Structure formats: structure tokens, C-alpha cells
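Asker: As a plain string of letters, each chain reads:
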Amino acid sequence: MPTLSQVVIHGDATDKHQYRYQFTPKHHGADPDAAQWIPALALDDEFSVFNTADEHDLVDEEGRLYGVLPERDTLRDLGTWAQQVAEFPAARDGEAWHGYPIWAVSGLAPPNRRGERMRPGKAVFDRLRDVGLITERMRKRLYKGDHV
Amino acid sequence: MSPAAATGDPVSVPIAIPGFPVSWAGPGGRDEDFCFGSEDGRLHFTTVGGVPIGGFVSGVENAEAINGVAFIGPVIAVSTRADVTFWTLPRPGSQLAQRAVFPCGAHGVLATAAGAFVAPLGRTGLMKVRAGHAAEQLVQVGRASGRPLSFYKAVTLHSYGRPEVIVCAARQDGVVATPLRTDEEWGPLSSLSFPGLDVVDVCPLGTGTTPPAVAAVGRDGTLVLFDDVLHSRNPVTLRFPQVPGVPYRVFCALGSLILLTSEGVFVLAGLAERFLAGDRVASTPCRVRPVRSREMVDANVCADRWLLAVSTDGVLRFDLERLVRDEGGERADEMISKPEGLTPSWRPTEEVAESVPMAG
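Which chain is which? The protein sequence lines are R and W, in order.
My numbering numbers the first residue of the first sequence as 1 and each following residue consecutively.
My numbering numbers the first residue of the second sequence as 1 and each following residue consecutively.
Hint data in this document are derived by calculation from the structure and do not stem from the laboratory.
Just to be clear, a hint being listed does not mean it is correct.
Ranges between beta-carbon positions, derived for each pair [said to hold, decoys possible]:
{"hint": "1", "chain 1": "R", "residue 1": "D44", "chain 2": "W", "residue 2": "D326", "range": "45 to 53 Å"}
{"hint": "2", "chain 1": "R", "residue 1": "S5", "chain 2": "W", "residue 2": "V356", "range": "29 to 37 Å"}
{"hint": "3", "chain 1": "R", "residue 1": "A91", "chain 2": "W", "residue 2": "D326", "range": "56 to 64 Å"}
{"hint": "4", "chain 1": "W", "residue 1": "R347", "chain 2": "R", "residue 2": "D33", "range": "21 to 29 Å"}
{"hint": "5", "chain 1": "W", "residue 1": "P348", "chain 2": "R", "residue 2": "D44", "range": "35 to 43 Å"}
{"hint": "6", "chain 1": "R", "residue 1": "P39", "chain 2": "W", "residue 2": "A277", "range": "42 to 50 Å"}
{"hint": "7", "chain 1": "W", "residue 1": "E61", "chain 2": "R", "residue 2": "A34", "range": "29 to 37 Å"}
Here the structure is a predicted model, which means the values were calculated and not measured.
Glycine included, every Cβ here is placed at the ideal spot set by N, Cα and C.
Put together the whole structure using the sequences plus the hints.
Answerer: Take a look at the structure:
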């Protein structure tokens, strides 16, 4: 998907909870310091990552959803830095969700955020495996910050 | 009955660690020891025969999976996707270990011959810190001043009479090399890449090789062989299409290259030796032997004698000499593989590294 200059709302809602989804310029080319969805990923594919995350309840204790896009025996890159997992922070009721690829390892945390747990946690990776989106081999690698 | 006899395979031996979900396996602090890291942040030590020596529990709540361990004297560096922790073992007469945490995730950690720990921090940069007993250590993070590079895996090359060189697999930024400086500065970052290349691992070719020779592997199976990683601008580039799976790691042992992919372990017999001898390896068939076993997750070479591989249900210890010399494995699947020689448009860059000092 090329860069976006304005927010685009996807035409469909998720199958399970009827969440709406928006594509934001920030994560589609507008902010070079922010994680970027890979341009080759179509908007429908990006939405499918979100829809699948909702379908399988790939949610952490703070309501964030996480998604991947399986391709043969690996995962497609979702981000311009070869990120293979995306995070969708919980939206307020009635608002559209959005998401972005996440780094495999954490950056240098500012003092007020040190001690925060790395996301996604083990339970999310376990669930990804349990619903068949990733194998145990992939789970072990992704959980320690490696590619698959 | 010995474990090797029980499996019928003289090449690999399982090492059982009940109740310990292994995430990393590699050398311990001594040549005759192995060290294992767990998914919940614990360390476990055994002899090379698998006999337990001891363990280490961090006491940290919700500890992350260990992805690297390195040793310098009494200091153990442990890396996870969330931080790098430095444990200083107790002095004689004391029971307390000291802990210092660098709050930045890493893809691993290594010890240099010069007495520093180095860790690839992904997009944040490359970390180095001298090991010592001081309560505070100056942690240096080096990064390219012009643009962020993605430091993914790192190795150190120590050639006699030359400065130590840090070489990194830098994903789409290719292979990045920098001479290790022992002061608080960084040397220049030399990188080499081409469009579409995604380098996921590097390994030294030979010990004490002068100049520093390196092999790198890309996520699509591209192999890049440097006779001098600091100065090569047109390294030998090839691919073996018959080697299946997504590459995870590359190793050099006894003149051969060993690839760990999502489909197993593959020995590229004699490839490193022939490359260093000046053979035209990109156009010469190579014997490729699959050594498929349990599903492999990661591996490390220990003391140039063992390949310690983490699988989905434990750890396997491979005897490198037997692995490379063709003992065991699936001989029926061995193939003579004609490589695909590649001539990409390499893009070299030389960047000044900026150093951001931080207290550890």
C-alpha cells in the first residue's frame, strides 16, 4: 500500500466483534520515526491480520490485539524493518482500531517506562501457536526476538 | 546404555534438562562446560556430557526468554529481547552477586578477546561495555550517524596482530563491520548490501585468519563469502536452491559451512576451505548433506568441538567432527548441488559511528 495522506476506514468490520479498522498516515509513510507497514502489503491484507487477531482472541491483559500473516512455512514481513508481528492497541468504544508492526526487541526505554513488560507477552505467543497460526518452532524463536 | 547408543545416531546426543524450557544453548564459562538459558530467565550449567553443574535464578518477576549469554572473568552477560543484564559473581567470602541492567533489548551478546561485551540492539545500535567489578560501567551504544542500521547478530574476529573486528548481520542493511576500539569511541561502520538482501547471520571463516574472512546468510538462502570483510566490495555470492527452509544460522567448522534452517541442519562440505583456497565456489558443485533431526530452533558452536542445538523439545549436542566428516546423518539424501552464482549490484557504505555514552 503506498503512503497515505489521510486516515482511511476499511469498508468491513471484523467478523467476531464487529470492530472497525482505520489505516493511519503515521504508520503508512507519514512518520519516518514510527513503525511502518510494508508498502507491498495491501490494505485488505493488513485488515486480515487484524480480523484474524480478533477472531482468535489474540489479546493481552490490556486489551491489545496481536496479529501475524502466515505464508507457507513462515510469516510474511509486515513492517519495513522486517517486523513479523503487529500490535493493535485497544480502541475506545465506537472508535476504529488501528495498528502497526512491532519491533522484535525493545528500544532504550525512557526512565518512566523502564520495568514495563515487553510486548507481546508469552501468553499471546502461546495462543498464536494454540490456534495454529504459528508452530512451536516459530513460537520459541519469535518469543526471544528472532525471525522465522 | 549411553544416550548416543540409545538414539542409534553417533552424531547427535540429546541433553535432557527436565522442567527447563530451553531458549538458548551455548558455551559455558569454560571449554568443558555448556550453558543453557530458559524461556523464563534461568541459567543452567552442565558438563559437555550433560551432567548438571549448577544453575542460576535471576529472581526477576516475569523474566524474559534468554537469547544470549557471554562470560568474561567473574561477569556473566545475559541478553533478552527486553534488556542486557550483567551479573558479577560473588568474590570469595561473599554470597551476593551484583546485578546491573541495561534497559534495552538485544538479539544476543558476545565477549570479545579485548575484554568487552558487545550486543546487537536491533535498530537502537550496537552496545559495548568493558567487564569489571566497578559498580557502574560505561555502556556505549554505537550507531551510524547518518541513518539507523539494524544490528541483528554479531560475531567477533580476532586476527593475530590486527585489531579485533565486530561483524554484524544487519538485515536489509547487509553486513556491517567495524574495528573494535578499546577506548570509548567507535571505529567507522563499513556496510555492504544490495536490494532484496536480508542478512540474518554471520560467522567467521577460520580462526586467526588474516585478513578477517566471514560468511553471511540471507533469509532467502543467499550465501555471501568475504575474504576480507573490512575491504571486500564484491564478495562471492551464491545460493544453493536445493537447501530448503528459511535460514536461521550459519556456522563454519573444519572447512565446511553448516546451515541451520527451518527444515533442519545442512552441511555444505568443504565450502569454506575451498573458498579460502581461492577456488571458484560459486560455479563448482558442492556436496550438501542434510542432517534432519528434531525441529531446530537455534544453535551455537562450543569450543570448536560441539554444535549445541535447541529443538522444540530439548537440546541436541552434535559432534562437529563427526557431523562434518560424514558420520551418521542421512546419506541417502546427500546430494551434489550446483550452486547458483549471483552477481548483485553491491552498495558499499562507510559511515561515521556516533557514540552515546550511558551509565550501566
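Asker: Against each hint, give a clear statement of whether it holds in the structure.
Answerer: Hint by hint, here is what the structure shows:
The hinted window of 45 to 53 Å between D44(R) and D326(W) holds, with their beta carbons roughly 50 Å apart. For the pair S5(R) and V356(W), the supplied restraint of 29 to 37 Å holds, since their beta-carbon distance comes to about 34 Å. About 58 Å separates the C-beta atoms of A91(R) and D326(W), a value consistent with the hinted range of 56 to 64 Å. Between R347(W) and D33(R) the beta carbon distance is about 23 Å. The supplied range of 21 to 29 Å therefore holds.
A beta carbon spacing of about 39 Å between P348(W) and D44(R) agrees with the range 35 to 43 Å that was offered as a hint. With their beta carbons about 44 Å apart, P39(R) and A277(W) fall inside the hinted range of 42 to 50 Å. Evaluation of the 29 to 37 Å hint for E61(W) and A34(R) yields a pass: the beta carbon distance comes to about 30 Å.
When the structure is compared with the earlier hints, no violation turns up for any of them.
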